[in-house]
Amino acid sequence: MTSRVKTACLAAAMLGLGLGGYWGHSEAVETNDLWESSQYFLPTTAASDFARLQFRHSDADHARQAVLFQIHLLEQLEEVDKGFRTNLRGELGWAYTRLAMIEESAAHGEARAEALAKAKECLKQSYPGAGEWTEDKMKDVVNRMDQLAGPGRP
Amino acid sequence: MKYPLVTGFCGGLLIFVGCLYLGNRGAAIITFYRLAPMTFQSLKHRNEELRVDLLALQAAQFSQTVKDAPPDLERAAKRLETIRSDRSPEANSVLDLHVAALYVEAARLERESGRGAAADHYLNAAEGILHSLGWKDVSSAALADLTRRSLWWKEKR
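If you're matching them up, the sequences are chains A and B in order.
Just so we're aligned, residue 263 is where the first sequence starts under the working numbering, counting upward by one.
Just so we're aligned, residue 167 is where the second sequence starts under the working numbering, counting upward by one.
Since the hints were derived computationally from the structure, they do not count as laboratory data.
As the structure is a computational prediction, the values presented were derived from the model and not from experiment.
Glycine residues also receive a C-beta, built at the ideal position from the N, C-alpha and C atoms.
Where hints are given, some of them may not hold.
[Unchecked claim] Lysine to any residue pairs mimicking SDA-like chemistry, simulated, CA-CA at most 25 Å apart:
no.: 1; chain 1: B; residue 1: K210; chain 2: A; residue 2: E289
no.: 2; chain 1: B; residue 1: K210; chain 2: A; residue 2: S300
no.: 3; chain 1: A; residue 1: K268; chain 2: A; residue 2: T307
no.: 4; chain 1: B; residue 1: K210; chain 2: A; residue 2: K401
no.: 5; chain 1: A; residue 1: K401; chain 2: B; residue 2: K233
no.: 6; chain 1: A; residue 1: K268; chain 2: A; residue 2: H287
no.: 7; chain 1: B; residue 1: K302; chain 2: B; residue 2: L289
no.: 8; chain 1: A; residue 1: K268; chain 2: A; residue 2: E289
no.: 9; chain 1: B; residue 1: K302; chain 2: A; residue 2: C271
no.: 10; chain 1: A; residue 1: K268; chain 2: B; residue 2: K233
no.: 11; chain 1: B; residue 1: K210; chain 2: B; residue 2: K233
no.: 12; chain 1: B; residue 1: K233; chain 2: B; residue 2: D311
[Said to hold, decoys possible] From the derived model, a few chain A residues whose C-beta atoms are all more than 12 Å from chain B:
no.: 13; residue: K268
no.: 14; residue: L277
no.: 15; residue: A373
no.: 16; residue: D398
[Stated by the list, open to error] Covered stretches of chain B, going by a simulated chain A footprint (3 or more residues, C-beta under 8 Å):
no.: 17; stretch: 173-185
no.: 18; stretch: 200-213
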């Protein structure tokens with residue numbers, strides 16, 4: 263093999279590794295960014311499913327714990343990831359509505375009113391054009407969502 | 167060498183394509199390993215407690231994709247049980263509910279296969295967990311909610 267051929271092969275190898283490395287790195291970063299943007303989807307779905315099933319089947323104390331856990335999780339995520347805020351507000355609104363329904367069944371009037379106020383505030387921020395959020399409308403949406411969600415559907 | 171120019175070009179092209187592929191795969195693997203997606207690395211130094219809970223919830227969701235066979239379901243349940251120890255009580259409850267759902271489904275499959283004793287074993291385990299989660303009713307109608315839930319996911323897969 264002449265020295266020219268050797269040089270050409272070496273140059274081709276270096277160029278290939280360099281370009282391939284850059285390409286692979288860019289692809290991996292792009293995929294990672296995509297995953298990062300949706301990384302909270304699975305955990306928030308798990309918390310939401312848990313709250314819904316506990317709300318449907320367990321006693322008031324356990325149901326309250328489950329919903330409070332979901333709320334705490336969503337509020338923490340809002341703090342750590344500001345870009346996620348608008349998506350989470352609506353979910354938080356439904357979680358507070360569910361909490362209000364639990365407090366209503368437990369006859370805790372003050373806690374119910376507090377949860378309802380927070381629910382309305384969150385829903386107003388999340389759906390600005392949706393008009394007035396009445397208690398009945400909010401409860402109706404939660405019940406409909408539970409029926410459509412699959413888990414625990416009638 | 168008879169045609170050094172042609173041989174050099176073809177050899178170089180082959181080496182270039184090979185190295186391009188190797189470089190691509192190598193860099194992608196190294197970058198992925200370093201970035202560790204789906205592990206909430208950005209929270210590592212900001213809120214470790216939240217990160218641990220998110221990982222638990224994510225594991226719980228992933229358990230729904232387990233193959234529809236009792237040994238696989240039991241393995242998934244055991245795995246969730248092993249990761250539950252260092253989580254917050256609420257995250258543990260989420261894991262418990264998923265373990266119960268896996269046992270309910272395993273019981274259904276065992277019952278369909280005519281293995282009543284194994285089905286009862288899974289069902290008792292599921293009922294115990296659901297009682298601890300405050301379920302008021304663990305009748306077959308209530309448990310069917312969990313089973314249907316799993317089936318619903320499987321229909322979608």
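Hints, verified against the model:
1. Straight-line distance between C-alpha atoms of K210(B) and E289(A) comes to about 24 Å, which keeps the hinted pair within the 25 Å bound.
2. Restraint check for K210(B) and S300(A): satisfied, since their Cα atoms lie roughly 17 Å apart, inside the 25 Å limit.
3. Restraint check for K268(A) and T307(A): not satisfied, since their Cα atoms lie roughly 58 Å apart, outside the 25 Å limit.
4. With a C-alpha separation of about 37 Å, the suggested pair K210(B) and K401(A) falls outside the 25 Å cut-off, and the hint is violated.
5. Our distance criterion of 25 Å between C-alpha atoms is broken by K401(A) and K233(B), whose separation comes to about 36 Å.
6. A hinted pair counts as satisfied when its Cα atoms are at most 25 Å apart, and K268(A) with H287(A) does not qualify at roughly 28 Å.
7. Taken as a hint, the K302(B) and L289(B) pair is honoured in the structure, with Cα atoms around 16 Å apart against an allowance of 25 Å.
8. With a C-alpha separation of about 31 Å, the suggested pair K268(A) and E289(A) falls outside the 25 Å cut-off, and the hint is violated.
9. Taking the CA atoms of K302(B) and C271(A), the gap is about 74 Å. The hint is violated against a cut of 25 Å.
10. Note on K268(A) and K233(B): the hinted pairing is violated, with a Cα-Cα distance of about 53 Å set against a maximum of 25 Å.
11. With a CA separation close to 32 Å, the supplied pair K210(B) and K233(B) exceeds the 25 Å bound.
12. With a CA separation close to 19 Å, the supplied pair K233(B) and D311(B) stays within the 25 Å bound.
13. At roughly 9 Å from the closest C-beta of chain B, the C-beta of K268(A) falls inside 12 Å, breaking its exclusion from the interface.
14. Remark: the non-interface label on L277(A) conflicts with the geometry, its nearest Cβ contact in chain B lying 6 Å away (cut-off 12 Å).
15. Remark: the non-interface label on A373(A) is consistent with the geometry, its nearest Cβ contact in chain B lying 18 Å away (cut-off 12 Å).
16. Chain B leaves D398(A) outside its interface by the beta-carbon criterion, the shortest separation being 26 Å against a cut-off of 12 Å.
17. Counting residues of the stretch 173-185 of chain B whose C-beta sits closer than 8 Å to any C-beta of chain A gives 11, which meets the bar of three, so the coverage hint holds.
18. By the rule of at least three residues with a Cβ nearer than 8 Å to a Cβ of chain A, the coverage given for the stretch 200-213 of chain B holds, with 8 such residues.
Violated hints, listed in ascending order, are 3, 4, 5, 6, 8, 9, 10, 11, 13, 14; each of the other numbered hints is respected by the structure.
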